[in-house]
Amino acid sequence: MANTADSDEGTQAKDGRSPAKRLVTNVPRLDFITKGGLILGSSYAIIGPPGSGKTVLANQIAFQHVRNGGKALYITLLSESHGRMLENLSQMTFFDPSVIPERLQYLSAYRELEKEGLKGLLELLRKNAQPHGATLLIIDGMDVAKEFARSDLSFKRFLQDLQTFCNILGCTTLLLAPHHEGEIHPENTAVDGIFELSLWLHGPRAVRELIAIKFRGGPSLLGRHEVEISDQGMVIHPRTEVQFAHPAAKGREDRIRMPFGIPRLDDALKGGVLSGSTTLLLGAPGTGKTLLGLRFLLEGARAGQPGVYFGFYETPPRLIEKALGTGMHDFKKYVDEGLIEIQWQPPLEHNMDSLAERLLERIEERKVDRLRLFIDGVSGFRSAAVYPDRLSRFFSALTHQLRMMDVTTLYSDETPLFSPGVEMAQPEAASTVENVILVRYVELRSQLYRLLSIMKMRESAYDSSIREFSISENGITVADTFESAESILTGHARLTSGPGTAPPAKARSALKAPLGSAGKKPRTAKKKTAQKKATQKKAPASASRRSRT
1 MANTADSDEG TQAKDGRSPA KRLVTNVPRL DFITKGGLIL GSSYAIIGPP GSGKTVLANQ
61 IAFQHVRNGG KALYITLLSE SHGRMLENLS QMTFFDPSVI PERLQYLSAY RELEKEGLKG
121 LLELLRKNAQ PHGATLLIID GMDVAKEFAR SDLSFKRFLQ DLQTFCNILG CTTLLLAPHH
181 EGEIHPENTA VDGIFELSLW LHGPRAVREL IAIKFRGGPS LLGRHEVEIS DQGMVIHPRT
241 EVQFAHPAAK GREDRIRMPF GIPRLDDALK GGVLSGSTTL LLGAPGTGKT LLGLRFLLEG
301 ARAGQPGVYF GFYETPPRLI EKALGTGMHD FKKYVDEGLI EIQWQPPLEH NMDSLAERLL
361 ERIEERKVDR LRLFIDGVSG FRSAAVYPDR LSRFFSALTH QLRMMDVTTL YSDETPLFSP
421 GVEMAQPEAA STVENVILVR YVELRSQLYR LLSIMKMRES AYDSSIREFS ISENGITVAD
481 TFESAESILT GHARLTSGPG TAPPAKARSA LKAPLGSAGK KPRTAKKKTA QKKATQKKAP
541 ASASRRSRT
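Residue numbers for the sequence shown follow full-length UniProt numbering, so the first one is 1 and each next one is one higher.
Simulated from the structure, these hints should not be mistaken for laboratory data.
Label-pair distances were calculated between CB atoms; the ranges are:
(1) LEU78 - GLU321: 57 to 65 Å
(2) LEU201 - LEU222: 22 to 30 Å
(3) SER392 - PRO97: 45 to 53 Å
(4) LEU199 - SER472: 51 to 59 Å
(5) LEU222 - GLU321: 41 to 49 Å
The list that follows gives simulated cross-link-like pairs (lysine-lysine, BS3-like), each with its CA atoms no further than 25 Å apart:
(6) LYS270 - LYS456
(7) LYS333 - LYS322
(8) LYS156 - LYS214
(9) LYS21 - LYS214
(10) LYS333 - LYS367
(11) LYS322 - LYS332
(12) LYS146 - LYS214
(13) LYS367 - LYS332
(14) LYS127 - LYS146
(15) LYS35 - LYS214
(16) LYS146 - LYS115
(17) LYS156 - LYS119
(18) LYS119 - LYS146
(19) LYS146 - LYS156
(20) LYS156 - LYS115
(21) LYS35 - LYS21
(22) LYS127 - LYS115
(23) LYS156 - LYS127
Ideal Cβ placement from N, Cα and C applies to all residues, glycine included.
Could you build the full structure based on these sequences and the hints that come with them?
Spelled out as structure tokens, the structure:
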């Protein structure tokens with residue numbers, strides 16, 4: 001028996017009626033978009049330009065359907081030969097030649113269509129579908145069938161007769177046709193659902209998308225969803241903000257502090273960030289964001305808490321090398337033991353929703369408590385976005401889902417390297433996260449210093465003092481408050497004067513006043529005054545000499 005399912009897991013609909021039976025396609029996330037699969041006995045149009053994946057999708061549904069006990073009949077109308085089509089499909093993991101032709105049968109109907117028109121096509125379907133016991137019927141090339149119709153009305157009548165036959169047979173129907181923007185298809189008004197595939201260029205990148213334009217008999221996820229075609233066939237990636245549109249309202253309540261293992265920083269955080277919270281590490285390139293994130297994962301591993309590094313730019317060997325070179329000597333040990341997992345995303349063309357799915361699914365697979373997560377590079381997601389205006393909703397949904405999974409998350413994001421102020425690439429992200437830690441360079445007396453400050457921390461007290469920190473082979477060290485620097489957020493620190501503002505001894509040695517341009521100390525104000533008086537006394541004598549002359 002074919003793999004079917006009741007919607008809402010067999011429960012009755014809100015109005016008391018029994019839910020519709022479903023044909024589960026097992027196409028990754030297509031059943032999620034349709035809230036359970038195609039409605040049994042209904043007809044669906046799959047339209048799209050050449051190369052968008054119509055044939056792949058239809059065959060993938062057919063092979064999955066017969067694998068689950070159903071029978072399928074695939075009719076072609078002047079499309080590529082069956083041999084060429086099956087040769088192309090044979091490279092995909094869903095392809096199974098053993099089901100052909102007993103469970104999945106391929107027929108060409110062009111000759112019958114050419115000789116007897118739509119009536120001959122319908123007769124061929126009746127002669128083959130019922131004896132085969134087909135529970136799924138696919139007609140590939142509906143544009144060709146339309147050419148043999150005398151009018152749009154006669155074509156709609158053919159579709160109505162086809163649907164009546166399939167309803168009696170209990171057969172679900174897929175009608176494939178090419179589609180270009182602006183075209184009108186008469187069958188779209190007759191079918192129960194429409195899936196439109198698209199293929200377009202976003203700069204040099206080719207983008208495939210799927211839209212469930214119409215879906216009678218049940219809800220569906222509207223809007224555009226990106227599609228990938230690989231050796232697994234078609235994989236659909238619903239928009240993250242739609243997948244998690246109705247998250248749980250509450251997360252875990254027994255929250256604990258998650259320290260970095262850096263004394264002064266943990267003191268400023270009053271013991272660490274709260275578990276289940278999200279922290280944004282904001283700073284220019286090279287300020288130490290990655291090292292702070294690795295230190296956060298290492299401190300968790302030392303306490304027995306699992307961690308995940310999810311990044312785009314540093315390969316696993318380079319990350320381990322960087323950790324070992326900055327005093328984190330046991331980092332590799334925890335990686336080898338699997339307590340810290342490195343998920344490196346190679347520098348390829350990524351799909352933003354696919355990245356989120358990969359991350360969340362792996363976290364679900366591990367089934368661990370108190371997970372620490374470091375996402376090294378929000379820019380990796382940003383570069384994968386086809387629609388930049390989605391970013392704020394995307395990160396809000398992803399962040400909330402991680403929070404509900406009790407994952408303590410650190411994001412790193414970059415500010416411009418040479419900028420007098422703090423410029424966030426995504427300013428609205430500050431309202432999504434609970435904590436913001438700013439790390440940056442400041443120039444003082446021709447030297448660069450690294451500074452750290454906690455800009456925001458919800459649900460907790462914190463010390464907002466600006467602190468100098470350094471990175472060496474012995475690790476990360478955060479100093480006391482950088483009292484000698486003013487206007488730190490502008491990046492132009494300067495010495496202050498006056499009682500009570502002298503810098504600490506350590507700062508005084510680093511910020512000593514330089515010598516004059518000739519290597520001599522500048523003249524004092526007293527010497528300047530004496531020189532001025534001497535000049536004034538000589539002035540009258542000079543004037544009398546000029547008058548005598």
